Amino acid sequence: MKNSNKGLNHDEPILFEIGGMDKSGVDLNEPTFKENFIGECFEDREIGLPGLSEPESIRHYVRLSRKNYSIDAGLYPLGSCTMKHNPRLNEKLARLKGFSEVHPLQPLSTCQGALELIDEISIWLKELTGMKAVTMTPKAGAQGELCGMLAIKKAIEARNECNRTKVLVPDSAHGTNPATAAFLGFDVVTIKSDKNGRLNFDDFKENVDKDFAAAMITNPNTCGLFEDDIIEIANYIHDAGGYLYCDGANFNALVGKVRPGDLGIDAMHINLHKTFSTPHGGGGPGSGPVVFSNILKDFCPAPLLKKDEENYYLVENHNDKDIDKSFGRLCVFHGQMGMFVRALSYMMSHGSDGLRQVSEDAVLNANYIKSSLEDILTPAYEGYCMHEVLFNDDFLSGTGVETIDFAKALIDKGYHPMTIYFPLVVHGALLVEPTETESKNSIDQFIETIRELASKTQDGEDFFKKAPIYTPIRRLDETKAARNPVLRWQKNDVIAAE
Amino acid sequence: MRYLPLTKNDREEMLNTIGVNNIDELFSNIAEKVSINPKFDLPNHKTEMEVEKHLSLLSDKNLHADNSNFFIGGGSYKHHIPASVDHIIQRSEFLTSYTPYQPEISQGTLQYLYEFQTQVSLLTGMDISNASMYDGSTAAAEAVSMAKRITKRNEVILSNTIHPHYADVIKTVSGIKDSEFFYNRNFSIDIDYLFNEVDENTACVVVQNPDFFGSCYDLSSLAEFVQSKGALLIVVVTEVLSLGMMKSPGAMGADIVACEGQSLGNPMNFGGPYVGLLSTKNKYLRQIPGRIVGESEDVDGKKGFVLTLSAREQHIRREKATSNICTNSGLCSLAFTIHLTLLGEKGFKSLSRLNHESALNLKEKILKIPEVKLLNKSFFNEFTIELPIKGEVFVDRMAEKGVLAGIPVSRLINNNKELDNFVVVASTETNTEDDMNSYIEAANEVL
Amino acid sequence: MAEIYFTKDHEWIKVEDNIGVVGITAYASEQLGDIVFVELPEEGITAEIGKDIAVVESVKAASEVYSPVSGTIIKSNEDLNSTPEIVNEDPVGKGWFYEIEISNNDELSGLMSEEEYQKHIGD
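Protein sequences appear in the order of chains L, F and G. Heads up: the first sequence at position 238 corresponds to 307 in the working numbering, and the numbers run straight through without jumps. Heads up: the second sequence at position 370 corresponds to 1810 in the working numbering, and the numbers run straight through without jumps. Heads up: the third sequence at position 109 corresponds to 931 in the working numbering, and the numbers run straight through without jumps.
Same shape as in the complex, but just chain L (with noise of 0.2 Å):
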């Protein structure tokens, strides 16, 4: 094999070239049964898994792994991803055994703190968010979405207005808000944003009628922007028979600071991930906990969690008389308990004062970005922002650079990009969350690489059109993938190589 290994950057062929048949890393006993009891459908075959022993796999993945950029390695700018730090007394408080190790179908009696911990994170979240009941089983935000809108779908079904079909969605939204909702159905309507970036709320009133089901709205929005007219749009929806869906995924925004319980929502999903720091672990696992205002409440999944005098139990069945209104099961067992117990312990870490620190630093630190770069780069909206701000690519009109190669040109600065080409309203979009765990000195220095590399656009695009440079693999042919698609290793592979 060629080495093209540079420094510390090592090529890293994949596993089904490296590994063998007879390679295991783990020592098993043998097993001794002479027969079989799997009936007509044992069948010793071969399967085709490569192995590998300890110290192989171990440098196999740990070269992967430096592949990757991390929080834990830079600033992680993604705007609507919040990317902040995560506490590694989380990770050592989930592998208690007293959580990790516990069926989730023990008897109840052998659960009890397991249940316990499931109360007191739902109570800070109902308390933090102002709202009266709360679901933890979503497995994810977009999960928790679905468990709103069938909740709101539920409630127009046991008011038997199943006319009620149509959905409003701002044109920022996140891409899961129209997918959920047509998923169940509903008629997706998009609503045009204003000029201020908030949701426009003349053209919104017009398409309220009789087959208005409910609207989703984000807030603070994907613009970065609090929908300031929430409570006149919240008793606009109310007074037509409808409900308010708000998508919680910027709630590190407002967290410790508003509650959006006094904003009018009736059903909101919280991302764990996002505002309560359990990791993002290169995509999941997510939770998406749901709150639910008193008109929702009845319509929430099993299981639901109860207490008597003295213990916790779970009503987890479909006919069972104290969930008769539900909607139905979003997952097996009851939910992410491995990133309730991380999201818990951030919560306690910092406590009702810190976590309104927390909303303070994020929208600090975002309008510290703006005022810092707004001279250079162009603010897509007038006005204070809150936890992330929006740039559009007027700053790079006439220089042939766009908006994907400043973001490739970012990489090759040591930073992860911010999000580009979201929200989908504003013109070639530069979204920055820089969260509340960055010091001073590294957002100044964030700051300072986005003015160099915005004054070098003027020099023309040649550097940037060939960004990045510096990483493992540059600029990958993404047409190529899709066209032909090759989404596994197969054996001939290695024969044709050969």
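Just to be clear, a hint being listed does not mean it is correct.
[Claimed, not checked] With a cut-off of at most 30 Å between alpha-carbon atoms, the simulated BS3-like pairs for lysine-lysine come out as follows:
{"no.": "1", "chain 1": "F", "residue 1": "K1805", "chain 2": "L", "residue 2": "K390"}
{"no.": "2", "chain 1": "F", "residue 1": "K1742", "chain 2": "L", "residue 2": "K549"}
{"no.": "3", "chain 1": "F", "residue 1": "K1742", "chain 2": "L", "residue 2": "K390"}
{"no.": "4", "chain 1": "L", "residue 1": "K375", "chain 2": "F", "residue 2": "K1857"}
{"no.": "5", "chain 1": "L", "residue 1": "K201", "chain 2": "F", "residue 2": "K1473"}
{"no.": "6", "chain 1": "G", "residue 1": "K916", "chain 2": "L", "residue 2": "K549"}
[Claimed, not checked] Under 8 Å between C-beta atoms, here's a sample of chain F residues computed to sit facing chain G:
{"no.": "7", "residue": "P1522"}
{"no.": "8", "residue": "R1726"}
{"no.": "9", "residue": "R1757"}
Derived from the structure by calculation, the hints contain no laboratory data. Note that the coordinates shown come from a computational prediction; the quantities given were computed from them, not determined experimentally. Cβ atoms here follow ideal geometry from the backbone N, Cα and C, with glycine treated the same way.
Starting from the known structure of chain L, fit chains F and G onto it as the hints suggest.
Below, chains F and G alone, put in the same frame as chain L:
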């Protein structure tokens, strides 16, 4: 506050730069509408030591698999996880990275997901797999939604021996109407009755194998029959280790396979997070939901990996997307793939056999207890017994003796008296001869 | 001699007698960028004027194709399954999507001429 780097000075300087006097000015548009800075009935911040103590006390209240004799399965299994798995998944670059949308600085995640997709396809005997789902139950629901899109039909038939939670999730998450949902919450050890249910309105038949009660089936003739009616066969597997001793679902003719992958690399965690596996045939490639990694090359012709086929997904197709799914189960799929790499072909098949052997041994011992009957004609690492007393009573009494003895079927199916005395019992490579003897001793006392 | 008509959603249809050939315009294919996949209608199904009948995907976008007229699908361009790039290379020729037997030729009067379409995209 240990997680917040800004000092009082920093904050003042920054407010100056922005041109405001205090932080609340940045919230002034909100303050015009509602009161900000509400008073919460919650404690203030705590030290690391205090938090650790509080959560440790909660943890200590639970009986767990390492301080009890543990024999529970039913979709979540106790297996030994090699130490290096948890070490690697805690590396910063895996733990604290985002979804690999910037491939140049995410090849680590993308490559292991590509390897994961290949391993899953090999295990299930299918052409392709996605980069994982939330868990087995939601993977099953997405499989059903997929089948409805592919066949453009709406009726869904579930085998009545599917995990009852899975049945509920499929109905809720795939949005199936009562009139189009065929599922009996009862216990029948054979699945031949499914042949009578399928007709030209059927989108799919969903069968769990091994089923909730532990029995194993050859589904080849069912697959053939279902497909002859233009419907799809979905196979659900909740114990992925069973695939080390059984024909693969693909070899039996499955169209879509939905598995729970928790058994490899992931602890039971009181129910989550887990990792769902979803595989299908090449011809249904464009209908599979969720993230998928594909191979490509960079501008210098170097091989690399990218997220691909994303035009199916919500962030592009919005209300026309195949699903609202936005995430996968990244870190859990990493734990899965590391554990499987450590095992390799040889280790995986040995581990599978050790599980079977353990269950065989327990069965032999249990059947010596008077009045206890085995209901299975086959099983992998769990089986169902009928007791002379109610299953729930048995399990509670056993727990008092430090034995977590199984799942009383009535906990999940509470409207069928015939099942009241049934308990599903699992035994894995972690159970020793001594554990089993303690089980029998305790059972003899409580029965 | 075949007549060509256009829709405001950037489809074209070439009509000879009551048979039409449908595709997307050069403007649309440029806007989408590199096309990676086309979901074609099955032969024999009925298309309704203005209703989505096919999907065209690029790496970063997906868009519906709306049938310019009502009728029955006679044939789909299977070449697009293996080489979707011909939609970029020759959108109004080899990159056609499907052939349709038009049920009501009157519907054609609601479509644009080439000149009108050029003006439409110029605006």
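Minimum beta-carbon distance criterion (8 Å), F/R1757 to chain G: 5 Å, holds
Less than 8 Å between beta-carbons is the criterion; does F/P1522 satisfy it with respect to chain G? F/P1522 check fails; min Cβ-Cβ to chain G is 39 Å, beyond 8 Å.
Distance restraint between F/K1742 and L/K390, which requires alpha-carbon spacing of 30 Å or less: 61 Å, violated
Distance restraint between G/K916 and L/K549, which requires alpha-carbon spacing of 30 Å or less: 21 Å, holds
Given F/R1726 as an interface hint, is the shortest Cβ-Cβ distance to chain G below 8 Å? Because about 7 Å separates F/R1726 from the closest Cβ in chain G, which is inside the 8 Å limit, the hint holds.
Please work out if F/K1805 and L/K390 have their alpha carbons no farther apart than 30 Å. Distance ~40 Å between F/K1805 and L/K390 Cα, so the pair is violated.
Compare the distance between the alpha carbons of L/K201 and F/K1473 with 30 Å, and conclude whether the hinted pair is satisfied. Given pair L/K201, F/K1473 holds - Cα atoms ~21 Å apart, limit 30 Å.
Is the Cα-Cα distance between F/K1742 and L/K549 30 Å or less? 13 Å, holds
Are the Cα atoms of L/K375 and F/K1857 separated by 30 Å or less? Cα-Cα ~25 Å, so holds.
Figure legend: structure checked against the earlier numbered hints; hints not met, in rising order: 1, 3, 7.
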